[in-house]
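Colleague: Here is how the chains run, residue by residue.
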Amino acid sequence: MNWRGVLAIYRFEMARTFRTLFQSVVSPVISTALYFVVFGSAIGSRIQEVEGVSYGSFIVPGLIMLSLMTQSVSNASFGIYFPKFTGTIYEILSAPISYLEIAFGYVGAAATKSVMVGLIILATAGLFVPLEIAHPWWMLLFLLLTAITFSLFGFIIGIWADNFEKLQIIPLLVVTPLVFLGGSFYSVDMLPPVWQKISLLNPVMYLVSGFRWSFYELSDVTVGVSLLMICVFLGACIFLVWRIFATGYRIKT
Amino acid sequence: MRPLISVVNLSKTYEGGFTALHDISLEIREGEILALLGPNGAGKTTLISIVCGIVNPGGGSVTVDGFDIVADYRQSRERIGLVPQELTTDAFESVWNTVSFTRGLFGKAPDPDYIEQLLKDLSLWDKKDNRIMQLSGGMKRRLMIAKALSHEPRILFLDEPTAGVDVSLRQDMWGLVRRLRESGVTIILTTHYIEEAEEIADRVGVINRGRIVVVEDKVELMRKMGSKQLTLDLHDTLDQVPEALAEYGLELQNDGQQLVYTYDVHRERTGITALLGALSEAGIRFRDLKTDQSSLEDIFVNLVREQE
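So the sequences go chain by chain: A and B. Heads up, the first sequence is in this note's numbering, so the first residue is 96 and it goes up one at a time. Heads up, the second sequence is in this note's numbering, so the first residue is 54 and it goes up one at a time.
One chain only, chain A, in its complex shape (with noise of 0.2 Å):
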C-alpha cells in the first residue's frame, strides 16, 4: 500500500477544505440554523411533539443526515472532478498508486469533511433545542457509515461527470429530494398509509430511520433493518467503484 500517496491526496484535500472554510462549514452551519428558524419555530409551534419529543430536537438528526449526505456527495464529486477538469488528474494517473489508494484518499477526506460539519451542526442545533443522544456509539456508527457511502456515491459522480451541469444534477435532482421525502422532518406513521408504503421505497428513510433512533429511540422501521440498508447501499457503492476502476471509465482512455 503506498499510504504516503493514500495521505498526501487526504491532506491535500483537507487543505482545500480550510481554504474554502466558509463554503465548506461556515455555509451549511447557517443553512441549518434557517432550517430551526423556519422548521423548528414556524412549524414546531404547531406541531409540538412527536412520540415525546419536541418538534425542534426530533428534526436535529434529519438535518443532520441532510447536510452530511449533501456535504458527502459535494466533496467527494468535487474533489475527483476538479482534477479532470483542469488536467490535474494526469499526476494522480501516473503516480505509483492504486485506485483504491485515491479512492481512500478522496472519499476518506470528503467523508471527513462531512462528518465534520454534521458535529458541528449537531453542537450548532445544541445551541437552539435540548438535545439528548440514547446511544452515541450508534450514533457514531451512523454517521461514519453514511459519510462513507455518500461520500463513494459522490466520487462515482465525479467520475461519471463531465460537464459541472452533470455534476449538479444528481445532488439536485435526486438525493436532496430523497433527503426531504425520507423522514428528515417528520415521522413516516404522520403521513397517509398510501406514502408510508412508498417512503418504503425511499433508501434514505431508513437511513435517517437508524440515525434518529440512535438519539431517541424512535425509529419508521427497526435499526437493523437501518443497518442492512445502510450496509447494501455502502456495498452497491463500492461495487460500482470497483467496476469504474477495473474498467478504466471515463478515467484512462
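These are computed hints drawn from the structure, not numbers from a lab. Worth double-checking, as some hints may not be accurate.
Rough simulated footprint, nothing fancy, chain B against chain A, three-plus residues with beta-carbon under 8 Å [unchecked claim]:
1) 180 to 188
2) 340 to 348
Computed cross-link-like contacts, DSS-like style, restricted to lysine-lysine with a CA-CA straight-line distance of at most 27 Å [stated by the list, open to error]:
3) K179/A x K271/B
4) K181/B x K347/A
5) K193/B x K347/A
6) K161/B x K179/A
7) K179/A x K292/A
Calculated Cβ distances over 12 Å to all of chain A for the following chain B residues [stated by the list, open to error]:
8) G106
9) A144
10) Y167
Being a predicted model, the structure only gives us computed values, none of them experimental. Think of the CB as a built atom: it goes at the ideal place given N, C-alpha and C, for glycine as much as any other residue.
Given chain A, work out where chain B should sit, using these hints.
Modeller: Okay, now just chain B, sitting in the frame of chain A:
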C-alpha cells in the same frame, strides 16, 4: 547495455477508431537525452502517456528498468517523472505544498532539504510560499519540472518543454536539461523545435503517423542522412545553366549570381573536382565559394515527406 525503457510492438487505437500508434518498438538507454520529433498528431504524447500510465496501452509491452508498466506499475512509475505539455496546476496551492504533494503521491517520505535544494536549483525558492496563480508562465514551467523531480526519478519525460517559451527561458531550460543529464537522469523530450533536438539530444527519434521513422544517434543521423551544398558566387550572371553542366544537377539562384551544387558526402566521389573542371572549360568564373551541411530540420522534413 540493457535499455532503461524498452517499448516492444506498442500500438494504441482510441475509442473513436483513431490509431495513434502502430507497433512501435523503441529502446531508451540509461543516461541519454532522446529527442522525439514529429508533426502534430504523430503519436508522441500518446507514447509518453502510455509509458507514464496515463493512457492504457493497446497491444505490445513496455518495461521500465525491467518492470512492466501494467503488471509492475508501482515500480515502473516511481522511476518516472513527467512534465506534461499543458501547464496544469492547482492555481490556489502554494509552490512548496504542490511540490511536497507530488513527492507524497509517489510514496516518498518528506524531505524538506531536498525540496529546498530543488526549488533553489530551479530559481523558485523565493516563491515557495506564493500561490501558483501568482507565478509567471516561465516560473510555472519550472514548477512543473520541480514537481516531476520531487520524487527523485531516474527518468524524466518532457513533453514539449519549451512550447510557447521565450528564447532566453529556452536557453535556461536547455541548460537545466543538460545539468539533469549530468546528474544521471535519463531524459526523453518531445519537441517541435528541431534546433532544440540539435542542441541538446544525444539521439533523435522521428515519429510520424504513429510509426517510428528512424531512431539514431544525432551526429550519426546527420552524417548518414545529411547532404552538403557547394555554393559558387559567379563573376558574371547566367541566364541558365549551360548544357555542358546538366549532369551535375546545378541550381541557379539569386538572379543568376549563384550556382548551387548538392552532393552526398558519403559517396566515393563527390564530383566537386570534375565540376570545377567543367566550369573552367565552360568559361564560367567565380568569385567565392562556400559549403553548407544540411541541418537536422532538413533531415526531419525529408523523412516526414518521404513517409507521406
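Colleague: Counting residues of the stretch 340 to 348 of chain A that have a beta-carbon nearer than 8 Å to any beta-carbon of chain B, does the count reach 3?
Modeller: Answer holds; 3 residues pass the 8 Å Cβ test.
Colleague: Say whether it holds or is violated: A144/B keeps its Cβ farther than 12 Å from all Cβ of chain A.
Modeller: violated (8 Å)
Colleague: Apply the coverage criterion to the stretch 180 to 188 of chain A and chain B: a residue qualifies when its Cβ sits closer than 8 Å to a Cβ of the chain, and three qualifying residues are needed.
Modeller: holds (count 7)
Colleague: Grab the minimum beta-carbon distance between G106/B and chain A and tell me whether it stays above 12 Å.
Modeller: Since the minimum Cβ distance to chain A is about 5 Å, G106/B lies within 12 Å and the statement is violated.
Colleague: Holds or violated: are the alpha carbons of K179/A and K292/A at most 27 Å from each other?
Modeller: The hint is violated at about 41 Å.
Colleague: Mind checking the alpha carbons of K179/A and K271/B for me, to see if they're no more than 27 Å apart?
Modeller: Violated. K179/A to K271/B sits at ~38 Å, over the 27 Å cutoff.
Colleague: Could you check that no beta carbon of chain A comes within 12 Å of the beta carbon of Y167/B?
Modeller: Fine: 15 Å to the nearest Cβ keeps Y167/B off the interface.
Colleague: Taken at face value, is the distance from the CA of K347/A to the CA of K181/B at most 27 Å?
Modeller: violated (32 Å)
Colleague: Are K161/B and K179/A close enough, with their CA atoms no more than 27 Å apart?
Modeller: holds (24 Å)
Colleague: With the threshold set at 27 Å, check whether the alpha-carbon distance from K193/B to K347/A stays at or below it.
Modeller: holds (25 Å)
Against the hints set out earlier in the document, violations occur for numbers 3, 4, 7, 8 and 9.
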